[in-house]
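Trainee: Single-letter residue listing:
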Amino acid sequence: MKKYSKHKINTKALVIILSFFCCCLIVLSLVFTPFRTGVQRAVNSFLTPMQSGINSVGTWFVNKSQYKKDLTAAQNENKKLQKKINELTEENVLLASNKYELERLRALYNLDETYSKYKKKAAHVIAKDNSSNWFASFTIDKGSADGIKTDMNVIADNGLVGIVTETGSHYAKVKSIIDDGYNVSGKMASSSDLCIVEGDLELANKGLLKISNISDDSVVKEGDMIMTSHISNKYLPGILIGYVSEIKTDANGLTKSGYLMSAVDFKHLEEVFVITQLKETK
Amino acid sequence: MFKQKILRKFIMFFTIIISFLIETSFTKIFSLTAFCPNLLIMLTVFMGFIRGRRAGIYTGFFSGLLIDAASGNVLGFQALIFLLIGYFCGIFRRVYYDEDIRLPLILVVSADFIYNFIYYIFFFFVRNRMHFGYYFINNILPEMIFTCIIALLTYRLVQKIDKKLDVIEKGSESVLD
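First to last, the protein sequences are chains P and W.
Start counting the first sequence at 153; every next residue gets the next number (the working numbering).
Start counting the second sequence at 14; every next residue gets the next number (the working numbering).
No lab work stands behind these hints: they were computed from the structure.
One should not assume that every hint holds.
[Claimed, not checked] Pairs of lysine-lysine residues, derived as DSBU-like cross-links and limited to a Cα-Cα distance of at most 35 Å, are as follows:
| # | chain 1 | residue 1 | chain 2 | residue 2 |
| --- | --- | --- | --- | --- |
| 1 | P | Lys-164 | W | Lys-183 |
| 2 | W | Lys-176 | W | Lys-16 |
| 3 | W | Lys-16 | P | Lys-164 |
[Stated by the list, open to error] Label-pair restraints from in silico Cβ distances:
| # | chain 1 | residue 1 | chain 2 | residue 2 | range |
| --- | --- | --- | --- | --- | --- |
| 4 | P | Lys-236 | W | Ile-24 | 25 to 35 Å |
| 5 | W | Ile-134 | P | Phe-184 | 17 to 27 Å |
| 6 | W | Ile-162 | P | Lys-221 | 47 to 57 Å |
Glycine residues also receive a C-beta, built at the ideal position from the N, C-alpha and C atoms.
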């Protein structure tokens, strides 16, 4: 059976042309970032309404089944209790910093501006980025039309989740701190020693982050709270990141490092808060 | 004739978008763990295998482009990988038998593995994260298994739809060979 090709372009040539086109796109997007963000914005403004729609449909189904099982009442009570716990944890964070070396902390971060007094905006998580098995960034359903801007911090319940990397008019992309390789500058609540908190994919599955660069003569121990520090140029100070779960001295004898259990459960993120205050540097 | 060609392209376009949306909202819809099947790879492999190299290339290119455009990585990278996968699956069309389901499944699983492996190389290996074994067991393998199961369930459906489109396009004689 003879098959004549009804196409003008040979298949092999097509592959080569398209591959070349893709390479050009790769180079173009590495060199000119506005090109990439322009395309992204266009595609996302088309996709996110659908994602929001799916999210609300999905939420509708889930709600129905819960109602049938009569768990709603129990869950409401749970939420109230959880809010109370969050408020108490917030207070606890404040009290812990007060307890240890009060004057140094006052000088350091001006206690009037704890994160509970930062203005927040609630948002829903509507999609995870496609390579969701590898990275940890997601989309929320509020954007620049709601006052969200890039570099605003994102928190959930009582802990730091990440930072806004990109906004469209009705969506925003958030990169979370457990993202592999992503760094946040942190400090101990107790001693105000500085450290670096780093996301790592291997640890994220256990709910942990890597913490390093702690000076060896600091008295950090397991269970200590770590918060964002003043010296970060994107993160507002005083937000809880997590609790130290393991610490040991490095081989060089000068610094300590270890693991941090994040305060937020990244596997079950539904609602987050975006702090609408931006850190002013320079 | 012209209308039917457009119909097929429209259905393909629609399916790609739906698959992408399902993938990103998967955890919301099904409340499962963090893993979701890689529907777009599966679609690319199916199209390449059932319909040949050209279909595989186009499906792969547009799927990859969609992922790139939406997720903020380097634009064009995933498009390239997907289109090559579609092309290679198209080469396997010579051994396409109607009732056979093992070969397409093997193709889907290998394509998923290769895609994830390349992703690992370019985004993790170059940053000195060497524990491939860990990533494999915890991230790649569950996705491969999940994708395989979904492929098993949907392959017949895809075949049926393809045959139906063939009938619409060329008349019923084309199905008789």
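Trainee: Next, verify each hint and record whether it holds.
Mentor: The hints, checked one at a time:
1. P:Lys-164 with W:Lys-183: Status holds; Cα separation ~26 Å.
2. W:Lys-176 with W:Lys-16: 17 Å, holds
3. W:Lys-16 with P:Lys-164: Judged against 35 Å, a Cα distance of about 27 Å means the pair holds.
4. P:Lys-236 with W:Ile-24: 25 to 35 Å: Check failed, 52 Å falls outside 25 to 35 Å.
5. W:Ile-134 with P:Phe-184: 17 to 27 Å: 25 Å, holds
6. W:Ile-162 with P:Lys-221: 47 to 57 Å: Once the Cβ atoms are compared, 27 Å apart, the range 47 to 57 Å for Lys-221 of chain P and Ile-162 of chain W is violated.
In summary, the structure is inconsistent with hints 4, 6 from the numbered list given earlier, while agreeing with the others.
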